[in-house]
Structures are given as structure tokens and as C-alpha cells.
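**Q** Between the sequences and the hints, there should be enough to build the whole structure, so can you do that?
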Amino acid sequence: MGEHMTRSIIRTALGAAAFATALGGIAAPAFAQRDPAYAAARAAGQVGEKMDGYLGIVGAETAELRRIVNDINIKRRAVYAERAQANNATLEEYALTAGCQAILATSPGEKYQAPDGTWQTRTSAAPMRDSRCP
Amino acid sequence: MIRAYLTDPSPLATSKLMQMTGATIGRRLLAIAAVPLALGGCITVEAPTEPIVIELNVNIRQEVIYRLAEDAGDTIENNADIF
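Read top to bottom, the protein sequences are chains A and B. Our numbering puts the first residue of the first sequence at 69, with every later residue one more than the last. Our numbering puts the first residue of the second sequence at 81, with every later residue one more than the last.
No wet-lab data here; the hints were simulated from the structure. Since the structure is predicted, the reported quantities are computational estimates derived from the model, not experimental observations. Virtual Cβ for every residue (Gly too), placed ideally from N, Cα, C.
Below 16 Å or equal to it, Euclidean Cα-Cα: the simulated EDC-like pairs (lysine to aspartate or glutamate) are: (1) K143(A) to D120(A); (2) K143(A) to E157(B); (3) K143(A) to D103(A); (4) K143(A) to E160(A); (5) K143(A) to D161(B).
Here are the simulated distance ranges between beta carbons: (6) D154(B) to E132(A): 26 to 32 Å; (7) E150(B) to R135(A): 30 to 36 Å; (8) E150(B) to I142(A): 22 to 28 Å; (9) E130(B) to A154(A): 38 to 44 Å.
**A** So this is what it looks like as C-alpha cells:
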């Protein structure tokens, strides 16, 4: 086997690895989906979107629901904090704005918190939101 | 013959109550009166009949929310796993 061929093979392998890395890098966010347990709790109306931008437990609290909600909310808070800083806003301001958007983004059947604090089931109609929501 | 006094002399202060000054008695009475009042405060707590409207961060102005709205929408899209 000649040196040229060896180099060619190495080059091809390196190229393939680079391509795979690039593909993975691009594909990763697109594949970032809800954890199955979270998706199930959401669909079942056990958790809902609160006005303050965080997830809440709608009915009876269980240890599993608390774990799911805490996990999501800790991650949300980290994202809010970073984006708030980037936008010269406070964490609460950014979280409240995200709450407006998250409630708007709920699908029919999912739960959200109305301005009076009650849990509502999203219908095809527009959700009841804070008067300041865009 | 019965000797009538112009003013009835006070009997001797033989009991604790009689020896107390007016101020002391007043304080005691106040303390006693406060007991049912305090108990009453504990009992008469009622749930409001009207739904509680959550005044959430009333200091956050609408213009701030409008300014952040687009970025927040992108954030939700880019973090679909936690929204």
C-alpha cells in the first residue's frame, strides 16, 4: 500500500468525521424535544404554563410531577437569566414576557394560568392573558 | 344612738384587689378583655369569596414586555425541550 493511498484514506476518514460532527452540531437543536415524562404530564393537563414564565402543577402534586416541574423551571430560569442580561432586562421582566409567549404557544387541551390565577384549558380560542402581554 | 358619718369611711384594704391602684386594675382588665379579642381574631379568618387577582409584578411595564417579546419568542423556539 502506497503512502498516497494511506493519506487518501486518512483524508477521507477525517472528512467524514468532520461532516458527521457538523451534521450533529446542526441537527442537535432541531432534535431537542420535550422529555417524554414532561410531554405526557403536559398532554394530560397535570402541568401548565404559569403567568410568571414557569411551569406549575395543576392538580394534586406528586413527587414525580414536582421533579419534572423543578427540573424544567431550573433550566428555564438559567435561560431567562442569560437572555435577560443580553437584553438589559431583569430576570422577572424576561420571565414574565416568556410567560406571555409560552401561554400563547400552548396547544388546545393544555393547561395555562389565567390572570385571575385559575387554571384554564386552552381551546382553539386565544388564551386569557395579562393585559400587558403583546 | 347611731353616729352618722358625713361620708362613709372606706373599709380597710384587706384584699389584694382592694390594694391595687386604679391603673393596675385597668391593665388587668385590658389584658383579660384582649383574650377573647385575640381568640376571635384567630377564628374569624374567612376565605375571600371573590377570586384573588394576582397582581404579578405590577412594576413591570408593558413597553418592557413589548421590547422583550421577540427575543422571548425566539428563546422558546430555540429551547423547545424545556417549553
